[in-house]
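Engineer: One letter stands for each residue in the lines below.
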Amino acid sequence: MKILVCIKQISTSEIHPHESANWIAQQNVQDQGINPFDEYALEEAVLIKERYPDVSVDVISVGPDIAVESIRRAMGMGADRGIHVVTEDQGYVTGFVTASRIAATLRPRDSLKSQNLPHGSYDMILTGVMSEDLMQGQVGPMLAEILAIPCVTSVVQLQCSDTMNGVTVQREMEGGLRQEVRASMPLVLTIQAGINKPRYPSLSNILRAGRKKIFSCRADELFLEGAPDSPCLPSHGNRSSLHGMSPVNSALISLERLEYPVKKREAQKLGGTTEQKAALLMDILKQRDLI
Amino acid sequence: MKKIIVIAEHIQGQLRPVTRELICCAHGIAGITGGEIVTVLPYGEGGGDDHYPSLVGQVRAMSDTHVMGLVIRGAAHPDAAAFKEHLIPLMQELDPGFIVAGHTSQGLDLAPGLAVRLNAPCISGVNALGESKGKPQFVRSLFKGKINGVVALKEPVTPVVLTVQAGMFLSCPLSHAAADSSADMVDERQKKMKSGPGVCSVEIDGKKSEIPGKNLHCSKKEVSGNPQQNIQYGKISQTGSSKSKLDQARVIIAGGRGIESLDNIEYLQELTRFFSASAVAGSRPLIDMGWLPYEQQVGITGAVVAPDLYMAVGISGSSQHIAGMAQSKFIVSVNQDPHAAIFNVSDICIVEDALNFVKTIIFMMDKKEGSNLLNYT
Numbered sequence: 000m001k002i003l004v005c006i007k008q009i010s011t012s013e014i015h016p017h018e019s020a021n022w023i024a025q026q027n028v029q030d031q032g033i034n035p036f037d038e039y040a041l042e043e044a045v046l047i048k049e050r051y052p053d054v055s056v057d058v059i060s061v062g063p064d065i066a067v068e069s070i071r072r073a074m075g076m077g078a079d080r081g082i083h084v085v086t087e088d089q090g091y092v093t094g095f096v097t098a099s100r101i102a103a104t105l106r107p108r109d110s111l112k113s114q115n116l117p118h119g120s121y122d123m124i125l126t127g128v129m130s131e132d133l134m135q136g137q138v139g140p141m142l143a144e145i146l147a148i149p150c151v152t153s154v155v156q157l158q159c160s161d162t163m164n165g166v167t168v169q170r171e172m173e174g175g176l177r178q179e180v181r182a183s184m185p186l187v188l189t190i191q192a193g194i195n196k197p198r199y200p201s202l203s204n205i206l207r208a209g210r211k212k213i214f215s216c217r218a219d220e221l222f223l224e225g226a227p228d229s230p231c232l233p234s235h236g237n238r239s240s241l242h243g244m245s246p247v248n249s250a251l252i253s254l255e256r257l258e259y260p261v262k263k264r265e266a267q268k269l270g271g272t273t274e275q276k277a278a279l280l281m282d283i284l285k286q287r288d289l290i
Numbered sequence: 000m001k002k003i004i005v006i007a008e009h010i011q012g013q014l015r016p017v018t019r020e021l022i023c024c025a026h027g028i029a030g031i032t033g034g035e036i037v038t039v040l041p042y043g044e045g046g047g048d049d050h051y052p053s054l055v056g057q058v059r060a061m062s063d064t065h066v067m068g069l070v071i072r073g074a075a076h077p078d079a080a081a082f083k084e085h086l087i088p089l090m091q092e093l094d095p096g097f098i099v100a101g102h103t104s105q106g107l108d109l110a111p112g113l114a115v116r117l118n119a120p121c122i123s124g125v126n127a128l129g130e131s132k133g134k135p136q137f138v139r140s141l142f143k144g145k146i147n148g149v150v151a152l153k154e155p156v157t158p159v160v161l162t163v164q165a166g167m168f169l170s171c172p173l174s175h176a177a178a179d180s181s182a183d184m185v186d187e188r189q190k191k192m193k194s195g196p197g198v199c200s201v202e203i204d205g206k207k208s209e210i211p212g213k214n215l216h217c218s219k220k221e222v223s224g225n226p227q228q229n230i231q232y233g234k235i236s237q238t239g240s241s242k243s244k245l246d247q248a249r250v251i252i253a254g255g256r257g258i259e260s261l262d263n264i265e266y267l268q269e270l271t272r273f274f275s276a277s278a279v280a281g282s283r284p285l286i287d288m289g290w291l292p293y294e295q296q297v298g299i300t301g302a303v304v305a306p307d308l309y310m311a312v313g314i315s316g317s318s319q320h321i322a323g324m325a326q327s328k329f330i331v332s333v334n335q336d337p338h339a340a341i342f343n344v345s346d347i348c349i350v351e352d353a354l355n356f357v358k359t360i361i362f363m364m365d366k367k368e369g370s371n372l373l374n375y376t
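These protein sequence lines map, in sequence, to chains A and B. Going by numbering that gives the first Met the number 0, the first residue of the first sequence is number 0, and it counts up by one from there. Going by numbering that gives the first Met the number 0, the first residue of the second sequence is number 0, and it counts up by one from there.
Keep in mind that the hints were calculated from the coordinates and are not lab data. Beta carbons: idealized from backbone N, C-alpha and C, even for Gly. Watch out, some of these pointers could steer you wrong.
[As the list claims (entries may be wrong)] Derived coverage of chain A by chain B (criterion: at least 3 residues anywhere in the stretch with Cβ under 8 angstroms from a Cβ of chain B; other residues may be distant):
1. 124-137
2. 140-153
[To be verified] Pairs of lysine-lysine, BS3-like flavour, derived with a Cα cap of 27 angstroms:
3. A:Lys268 - B:Lys328
4. B:Lys366 - A:Lys263
5. B:Lys134 - A:Lys268
6. A:Lys268 - B:Lys244
7. B:Lys143 - A:Lys263
8. A:Lys285 - B:Lys244
9. A:Lys1 - B:Lys328
10. A:Lys262 - B:Lys132
Excised from the complex, chain A in its bound form (with noise of 0.2 angstroms):
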């Protein structure tokens, strides 16, 4: 069975708008870490793996350069092959653009055949429920509509069939309810905390996913005009899928600032030593006649 495991590069420190309030202020390497849930998608990954026989995992980001760090830790936690579409884009990208840069990578192509790049077909394809910088929860459902395999999202448990071409899971919605959903291969399945404990990567494995080579491509040379193997999309009954399907699509949301949110309360803050704040809470309270 071969499992792609999609994950993404977030800021892990404080974060600070830029001055321009266009997007938040540069980054380190070491401010930077695997999206959390992309973590548990790993690592549910690198458990099946562990579970069953002949399992590959692969694991995909598209990002900047420094998104190879991540990689590298995937592969640390027991991913084999990482692949890396690199993009200069910084800040604001919609899911759709990139749903579109991995189902791109996913189709041979001519142009990207001399980098050997790992394509084809994957039976399962994991990712987070959303990443915690843009939430946006859309990489995942969207992927899956462009590659036409069911998508089942939230999926607090995971379970292969015996026969390993179809899934049960349970699915989270509110109020601790949970669904049942069974599905076949290939398909998409985002991954919600708490559906296991991801591991730190040991240090064998970070010794040994150093020397692994990560296969690497650019984001604008999966959509080059004109390209005879253009991602074509399905049509999907009358529109035209072409023009949608391109990333230009994305192009139609422009984030206009970034703002702190406005507070919805009194927000009165406490001024003073911890001591100071701790008496002027219970004072303010006791005036309520909650204490």
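We have chain A; now place chain B onto it with these hints.
Structural biologist: Using the frame of chain A, we list chain B on its own:
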């Protein structure tokens, strides 16, 4: 002016509160762009119980928008794949400007794929609306809710798919009066169709008509280019007990990652000593790590609470958590990050190391109780 479609959410015969919020958001958009609001109620009939009439009634009680039921025979509820397949031709026919779904488990399962199929831009997790030069702007949460991004459409494409964050659109502008009657739409649909499993029934304002649908019993569809629907939605179960003692609590002391370790939960327990009818709760990460049981999780996928006092200790305030406690009457938050999103919904903000603050206040409260006792001797 194109229509604004709301995709209603319901489970086990009850409309979810988020549906009202979606309608509110739709009213907000209509205030900027105009357009009639239609609430589409996708309903998988295969479950057995007939909740459909009650659900239509619940939507009517909640708003005066048009209600369009999308009753899908043989589909479970919710069946995102079936809903998506049948919403596509319906949306193509209705040709809306906006399609408003929840940024919820159902919405996330349905909306992004729907957007791809409709060639629509998809803006997820909208928490507020704005306006610029007569065009709507959409405010969305970024970076765990700490910062908002204001996005807009560069061109007036339609439709646009939106998913709306729960707990944000709580107050509605004046109801949007229903414009034209929908009699015309019903006439168009009066065709002689085959009945039976897999037939999709479309109801507009109480008048039902049937349009041919696809067999939804998870058969493989080898139609070229169409997604294969090898997916079967099964039964729904409840995690843990549905009744939580959080419901009875007047005061909730909730901990997040800021309390650092399982051992420190006892400090939260200690703090509850000073409040009657109080309980300890946690944000999702604490439950994921096994520090607290599921019954004590506050958030959109845990308990939604509204106690007299909610003390958030070391909780950053993800949108999912805030959706579970934002209705609390008085909110006190402690976090060492001055920009923690939790402060956006707090009455009292304390920028301090959470654990240290809790220990300090316990110490001081003990001292005060001690000195109070002394006064009586």
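Engineer: For every hint, state whether the structure bears it out.
Structural biologist: So, going through the hints one by one against the coordinates:
| no. | hint | verdict |
| --- | --- | --- |
| 1 | 124-137 | holds (count 9) |
| 2 | 140-153 | holds (count 12) |
| 3 | A:Lys268 - B:Lys328 | holds (18 angstroms) |
| 4 | B:Lys366 - A:Lys263 | violated (35 angstroms) |
| 5 | B:Lys134 - A:Lys268 | violated (36 angstroms) |
| 6 | A:Lys268 - B:Lys244 | violated (31 angstroms) |
| 7 | B:Lys143 - A:Lys263 | holds (17 angstroms) |
| 8 | A:Lys285 - B:Lys244 | holds (24 angstroms) |
| 9 | A:Lys1 - B:Lys328 | violated (51 angstroms) |
| 10 | A:Lys262 - B:Lys132 | holds (25 angstroms) |
Consistency with the previously given hints fails for numbers 4, 5, 6 and 9, ordered from lowest to highest.
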